[in-house]
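If you want the building blocks of each chain, they are given just below.
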Amino acid sequence: MSIQGFLRADGRKGIRNVVAVAYLVECAHHVARTIVTRSDDPDVHLIGFPGCYPNAYALKVMQAIGTHPNIGAVLLVSLGCESFNREALRATIAASGRPVETLVIQESGGTAETIRKGVEAVARLKAVADQTARVPMDVSELVIGTICGGSDGTSGITANPAVGRAFDRLGAAGAACVFEETGELVGCEKIMADRAITPELGEALEASVRKAEAYYTVMGYGSFAPGNAEGGLTTQEEKSMGAYSKSGSAPIVGILKPGDQPPTGGLYLLDVVPDGEVRFGFPNISDNAEIVELIACGAHMTLFTTGRGSVVGSAVSPVIKVCANPETYRKLSGDMDIDAGRIMEGRGTLNEIGDEIFDLVLDVAAGQRTVSEALGHQEFILTYKAFDPIGPACLPLRRAS
Amino acid sequence: MNLVLLHPDDNILVVAMPVRAGQALAIDGATVMASGEVAVGHKVARRALAAGDKVLKYGAPIGSMTAAAAPGEHVHMHNMKSDYIASHTRQATGEGQ
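Order-wise, the sequence lines are chains A and B. Under this note's numbering, the letters of the first sequence match residues 1 to 401, in that order. Under this note's numbering, the letters of the second sequence match residues 1001 to 1097, in that order.
Heads up, some of the hints might be wrong.
[Claimed, not checked] Under the rule of at most 25 angstroms between Cα atoms (straight-line distance), these lysine to aspartate or glutamate pairs were calculated in the DMTMM-like manner:
#1 A:Lys126 - A:Glu87
#2 A:Lys211 - A:Asp388
#3 B:Lys1054 - A:Asp275
#4 A:Lys126 - A:Asp41
#5 B:Lys1081 - A:Asp43
#6 A:Lys190 - B:Glu1073
#7 A:Lys60 - A:Asp40
#8 A:Lys60 - A:Glu356
#9 A:Lys211 - B:Glu1037
#10 B:Lys1081 - A:Glu230
#11 A:Lys126 - A:Glu379
#12 A:Lys331 - B:Glu1037
#13 A:Lys60 - A:Asp10
#14 A:Lys117 - A:Asp130
#15 B:Lys1054 - A:Glu206
#16 B:Lys1081 - A:Glu206
#17 A:Lys126 - A:Glu203
#18 A:Lys211 - A:Glu277
#19 B:Lys1054 - A:Asp335
#20 A:Lys190 - B:Asp1053
#21 A:Lys211 - A:Asp275
#22 A:Lys190 - A:Glu203
#23 B:Lys1054 - A:Asp43
#24 B:Lys1054 - B:Glu1073
#25 A:Lys117 - A:Glu203
#26 A:Lys60 - A:Glu87
#27 A:Lys190 - B:Asp1009
#28 A:Lys190 - B:Asp1010
[As the list claims (entries may be wrong)] Far from chain B, some chain A residues (derived; all Cβ distances over 10 angstroms):
#29 Lys126
#30 Gly153
#31 Thr154
#32 Ile197
#33 Glu356
#34 Asp359
To be clear, the hints were calculated from the coordinates, so they are not data collected in a lab. Where is the CB? At the ideal position from N, CA and C, for every residue including glycine.
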């Protein structure tokens, strides 16, 4: 199946053509959600930021997602008095060549009238987005993220290393592959640093994990949920070793922070733990927050491995669910795309499942809906954080062409 | 095969099919009786482990034993701990550990 991407003005290509309706404070959430519900279109998605106080990270992530290759147009829904810089967000999206409109509830006649105007705006925006040119798209133009959620003792044996095999194939084909959650790499920092393409990057990788360990220590909990223990995982570092296997075996070419775009193909670590003093709470309050950050780094889709059985999807970019545990698969097969747990029962090998994931990535890029996508899952969550820019050792040189 | 060895250096094995109490387990050529039920994804000792021993999985240390375990015995939160950040269970949550 060949991929026909949606060509954007910056040269990037999308695998979906989503009209995003974005609330800019929780007070506008209901109005924005109702606009999405009434539009009744699988390619109209709700995104947003709930806070009333300003946050540079939240603006950067919303700008990155508003100009994501999978986005065709954006409707901003503001209450009117919140701090979010709606003009800056609108200007960034407009400069990317996308149609964008803003509705301010306090100036648009309140709830009912803003919903009515919003539904009309979405129809207008979609009509423009539908004119987007379709062009051939190569595997090398894909950005693929991976995350694990609801991990158990099978995750690190089946689904995670199978994703690692798929990542090795995708990276070899020129795609950018992004793994994340430095808090789930505590204990494997030395092994990971050995895979860096430069010694300086290796030091930066180790430093990112030390930062995560210090941060989580202050918070009082590691990135370790009770379900992990019930599933046979005992310690943070055990969970880490299993999670780490999602990264495959390719050299690590760079580190990203949320909203940074990978400048080349190859394997990247996404550093999701805030810089500076501990503020604003847990780095990522749920898996969905990590998926949003992968999307903010341009991920066209996310490979989500689960042992206990997560059911989530995402707005903007499809989620492929790779189930690690054969017992979980039997209970939740209607929520899973790939049955990696059959490795446990001798009904498949890591290479076979890795190839299955690779093939599904191409099918989903070509338009096939993932299971969570077809079920209507469009989870999205964005909370407060603070980051310093990435250091000079963190990125490979930009492609010459 | 009930038990998986992930790396030659490992001193634990991962349970691939549910283990029943009293079931005979083949570990490195010897046969031991499982002392209790162990669920899929959990770990059992490959050899006799003492308190303070590093637990090796994927060939890497994943924590330390806090109590001894005989070959075939369940290795989990009751007899091992993290060397980094303490783990928590649902019961312990909110009790200040």
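Hint check results:
{"no.": "1", "hint": "A:Lys126 - A:Glu87", "result": "holds, 21 angstroms"}
{"no.": "2", "hint": "A:Lys211 - A:Asp388", "result": "holds, 13 angstroms"}
{"no.": "3", "hint": "B:Lys1054 - A:Asp275", "result": "violated, 32 angstroms"}
{"no.": "4", "hint": "A:Lys126 - A:Asp41", "result": "holds, 10 angstroms"}
{"no.": "5", "hint": "B:Lys1081 - A:Asp43", "result": "violated, 47 angstroms"}
{"no.": "6", "hint": "A:Lys190 - B:Glu1073", "result": "violated, 30 angstroms"}
{"no.": "7", "hint": "A:Lys60 - A:Asp40", "result": "violated, 29 angstroms"}
{"no.": "8", "hint": "A:Lys60 - A:Glu356", "result": "violated, 35 angstroms"}
{"no.": "9", "hint": "A:Lys211 - B:Glu1037", "result": "violated, 39 angstroms"}
{"no.": "10", "hint": "B:Lys1081 - A:Glu230", "result": "holds, 15 angstroms"}
{"no.": "11", "hint": "A:Lys126 - A:Glu379", "result": "holds, 21 angstroms"}
{"no.": "12", "hint": "A:Lys331 - B:Glu1037", "result": "holds, 21 angstroms"}
{"no.": "13", "hint": "A:Lys60 - A:Asp10", "result": "holds, 17 angstroms"}
{"no.": "14", "hint": "A:Lys117 - A:Asp130", "result": "holds, 20 angstroms"}
{"no.": "15", "hint": "B:Lys1054 - A:Glu206", "result": "holds, 22 angstroms"}
{"no.": "16", "hint": "B:Lys1081 - A:Glu206", "result": "holds, 23 angstroms"}
{"no.": "17", "hint": "A:Lys126 - A:Glu203", "result": "violated, 46 angstroms"}
{"no.": "18", "hint": "A:Lys211 - A:Glu277", "result": "holds, 10 angstroms"}
{"no.": "19", "hint": "B:Lys1054 - A:Asp335", "result": "violated, 38 angstroms"}
{"no.": "20", "hint": "A:Lys190 - B:Asp1053", "result": "holds, 21 angstroms"}
{"no.": "21", "hint": "A:Lys211 - A:Asp275", "result": "holds, 8 angstroms"}
{"no.": "22", "hint": "A:Lys190 - A:Glu203", "result": "holds, 9 angstroms"}
{"no.": "23", "hint": "B:Lys1054 - A:Asp43", "result": "violated, 51 angstroms"}
{"no.": "24", "hint": "B:Lys1054 - B:Glu1073", "result": "holds, 16 angstroms"}
{"no.": "25", "hint": "A:Lys117 - A:Glu203", "result": "violated, 52 angstroms"}
{"no.": "26", "hint": "A:Lys60 - A:Glu87", "result": "holds, 13 angstroms"}
{"no.": "27", "hint": "A:Lys190 - B:Asp1009", "result": "holds, 18 angstroms"}
{"no.": "28", "hint": "A:Lys190 - B:Asp1010", "result": "holds, 18 angstroms"}
{"no.": "29", "hint": "Lys126", "result": "holds, 44 angstroms"}
{"no.": "30", "hint": "Gly153", "result": "violated, 2 angstroms"}
{"no.": "31", "hint": "Thr154", "result": "violated, 5 angstroms"}
{"no.": "32", "hint": "Ile197", "result": "holds, 22 angstroms"}
{"no.": "33", "hint": "Glu356", "result": "holds, 20 angstroms"}
{"no.": "34", "hint": "Asp359", "result": "holds, 26 angstroms"}
Checked against the numbered hints given earlier, the structure breaks hints 3, 5, 6, 7, 8, 9, 17, 19, 23, 25, 30 and 31 and satisfies all the rest.
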